[in-house]
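Residue-level listing of the chains:
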Amino acid sequence: MTEEIIIAGFGGQGVLSMGKILAYSGMMQDQEVSWMPSYGPEMRGGTANVTVILSDNRISSPYLKIFDSAIILNQQSMDKFEEAVKPGGVLLYDPNGITEHPKRTDINIFQIEGNRLATEKGNLKIFNMVILGAFLKVKPIVKLENVLEGLKKSLPERYHHLIPLNKEAIDLGMANVKTLKFEEVFNLN
Amino acid sequence: MKGNEALAEATIRAGVDAYFGYPITPQSEVIEYLMIEQPEKRTGMIVLQAESELAAINMVYGAASTGKKVMTSSSSPGMSLKLEGISYLAGAELPAVIVNVARGGPGLGTIQPSQADYFQAVKGGGHGDYKLYVLAPASVQEMSDFVEDAFEIAFKYHAPVLILSDGLIGQMMEKVQLRPQKPRRTDAELIAQEGTWACTGKTSDRERNIVTSLDLKSEKLEERVHRLYAKYAQMECEDLRYEMINCEDADYIMVAYGSSARISLKAMELARDKGYKVGLLRPITLFPFPKKQLFDLADRVKGFLSVELSTGQMVEDVRLSVEFKVPVEHFGRTGGIIHTPEEILEALEQKIIHNGTVRHHKTREQSI
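Chains A and B, in that order, give the protein sequences. Using the numbering used here, the letters of the first sequence map in sequence onto residues 1 to 189. Using the numbering used here, the letters of the second sequence map in sequence onto residues 1 to 368.
None of these hints come from the bench; they were simulated from the model. Among the clues, some could well be false.
[What the hints assert, rightly or not] Okay, derived cross-link-like pairs now, PhoX-like style, lysine-lysine, Cα gap no bigger than 20 Å in a straight line: (1) B:LYS231 to B:LYS274; (2) B:LYS175 to A:LYS153; (3) A:LYS153 to A:LYS103; (4) A:LYS167 to A:LYS143; (5) A:LYS178 to A:LYS121; (6) A:LYS65 to A:LYS86; (7) B:LYS156 to B:LYS182; (8) B:LYS351 to B:LYS302; (9) B:LYS291 to A:LYS65; (10) B:LYS291 to A:LYS152; (11) A:LYS181 to A:LYS121; (12) A:LYS143 to A:LYS86; (13) A:LYS65 to A:LYS137; (14) B:LYS231 to A:LYS143; (15) A:LYS86 to B:LYS274.
[What the hints assert, rightly or not] For each label pair, taking beta carbons as the anchor points, the in silico distance ranges come out as: (16) B:PRO180 to A:THR2: 54 to 60 Å; (17) B:PRO106 to A:SER17: 33 to 39 Å; (18) B:ASP296 to A:ARG104: 36 to 42 Å; (19) A:GLU157 to B:ARG241: 51 to 57 Å; (20) B:LYS325 to A:GLY88: 39 to 45 Å.
Just so you know, even glycine gets a beta-carbon here, dropped at the ideal spot from N, CA and C.
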């Protein structure tokens, strides 16, 4: 199994750290992983994105043009990556700030109001974990226990008391993801 | 771990005595990691941020003269600044490791990845008759492993060794298996091993050791240059490294190193899915270069595509090796843009497989 994912949004939304946690989770279940961030000028006050690959085999290119799944968190990223989803792939997005909703008819589209849910919880920092929860509901590529192990690995020890809060956020995302378009015939791995 | 962090950790574990550097994107994590990790508490290794790249490379010269294991790292514009010092290191036959996490140029260029420093790395760069042994890591694992390997070569030949990486390998994270901690050499061990040439402090029972790249007598300098070139010949015999993937049955071969090798590997998978017999030759050392391997492959394949993040530098060495037996073409994006596997496949089809005549599958279907 190989899963090629792009996560894209604004700097500060936790895009890179979400990718890191996903990569560590894959590592916890003995998969090969790669995490390739955009580190360029866009990161310095604009959009940020990261390519994460989880695979049972050796990973060839860490840099890709098309993806199995796209997690899209702002309009600029929608403009850039909607077309980059493989036919039959998954597009998950947060409608907050989205003016042009996805129009593709050959992919599966899901929505998660991560920004609203995190705000209601009173802690915007859990936003990315809400999104991750929603993604894992749609594509259970890593087990929840491995995500928690991954969190332990990627967070410094002084933040380990926050892991239960992160788990809550993941559950919140899992419970609230909306299916906008889903065809059984599409390959969901 | 990020490639840069893996390299920094490997430096501590290789028992290195000192690191002198100056921060520059996309390489800054090396010195950042070392500063945070405080290796002086773990192994006694010194980490120092110099006031400039020039200072850093000259600190390397000084410390290397004493037989210590020393390293510096930078990215393209900083490498240009270090070239004077590197030429001096090569001339004085000093062991040292230099790392270039390359970015787009010329000039200040961009902070995005690039492989346009190939000429600088393998064709001298600095002045005078010298070469560097050049290792090109293509994964985070190799960023870690090549540090110790580079020091082995540097001390085997008493010559500076370059690790030529780029922003893509430096910034990405992958799984990495770190090697165990090697102890730093004690002063007694160092004197026993390097005492014949290094400036370890003159004792009354031996002559002075002199480290210099200056030979005003032309005969002496010629002798020195010939000695250097004898080492380079030995490197070509004993320490050439390369990897061949799916080359046994290949009709076409891509030649790529570092990050381009990774992307080309995916292009190769896509090509094989389409039924093309494509292989990949990955030079792991850029000097020495797998000349003979390319020369031999040219007898059984129809063409080569050199894939680099540049307008075509290594392609010249591929052509020299192949000696025009079959077509050799180049493909690569530059200026910090990274080519995608799909772009490489398209170039392979257009430039090599269909040998210049553009035949798209779509147009073929349409004509049917």
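Hint check results:
1. Taking the CA atoms of B:LYS231 and B:LYS274, the gap is about 45 Å. The hint is violated against a cut of 20 Å.
2. Between B:LYS175 and A:LYS153 the CA atoms are separated by roughly 13 Å; this keeps the pair inside 20 Å, and the hint holds.
3. About 38 Å separates the Cα atoms of A:LYS153 and A:LYS103, which puts this hinted pair outside 20 Å; it is violated.
4. For a cut-off of 20 Å, the pair hint linking A:LYS167 to A:LYS143 stands: about 12 Å separates their Cα positions.
5. Taking the CA atoms of A:LYS178 and A:LYS121, the gap is near 19 Å; set against the 20 Å cutoff, the hint holds.
6. The hinted pair formed by A:LYS65 and A:LYS86 meets the criterion: a straight-line CA distance of about 10 Å does not exceed 20 Å.
7. Restraint check for B:LYS156 and B:LYS182: the C-alpha separation of about 18 Å stays at or below 20 Å, so the hint holds.
8. As the CA atoms of B:LYS351 and B:LYS302 are separated by approximately 12 Å, the hinted pair is consistent with the 20 Å bound.
9. Taken as a hint, the B:LYS291 and A:LYS65 pair is broken in the structure, with Cα atoms around 33 Å apart against an allowance of 20 Å.
10. For the given pair, B:LYS291 sits about 48 Å from A:LYS152 by alpha-carbon distance, which is inconsistent with the 20 Å threshold.
11. For the proposed pair A:LYS181 and A:LYS121, the alpha carbon gap of about 27 Å is over 20 Å, so the pair is violated.
12. Under the criterion of a C-alpha separation no larger than 20 Å, the hint pairing A:LYS143 with A:LYS86 is inconsistent with the structure, at around 24 Å.
13. Distance check on the hinted pair: A:LYS65 and A:LYS137 sit about 25 Å apart at the alpha-carbon level, beyond 20 Å; violated.
14. A C-alpha spacing of about 54 Å is found between B:LYS231 and A:LYS143, which places the hinted pair above 20 Å, so the restraint is violated.
15. Simply put, A:LYS86 and B:LYS274 have alpha-carbon atoms about 17 Å apart, close enough for the 20 Å limit, and the pair holds.
16. At roughly 32 Å, the beta carbons of B:PRO180 and A:THR2 sit outside the given window of 54 to 60 Å.
17. Judged by the Cβ atoms, the range 33 to 39 Å given for B:PRO106 and A:SER17 holds: they are separated by roughly 35 Å.
18. Separated by about 48 Å at the C-beta atoms, B:ASP296 and A:ARG104 break the suggested range of 36 to 42 Å.
19. Under the hint 51 to 57 Å, the C-beta atoms of A:GLU157 and B:ARG241, about 39 Å apart, miss the expected range.
20. For the hinted restraint 39 to 45 Å between B:LYS325 and A:GLY88, the CB-CB distance of approximately 44 Å keeps it satisfied.
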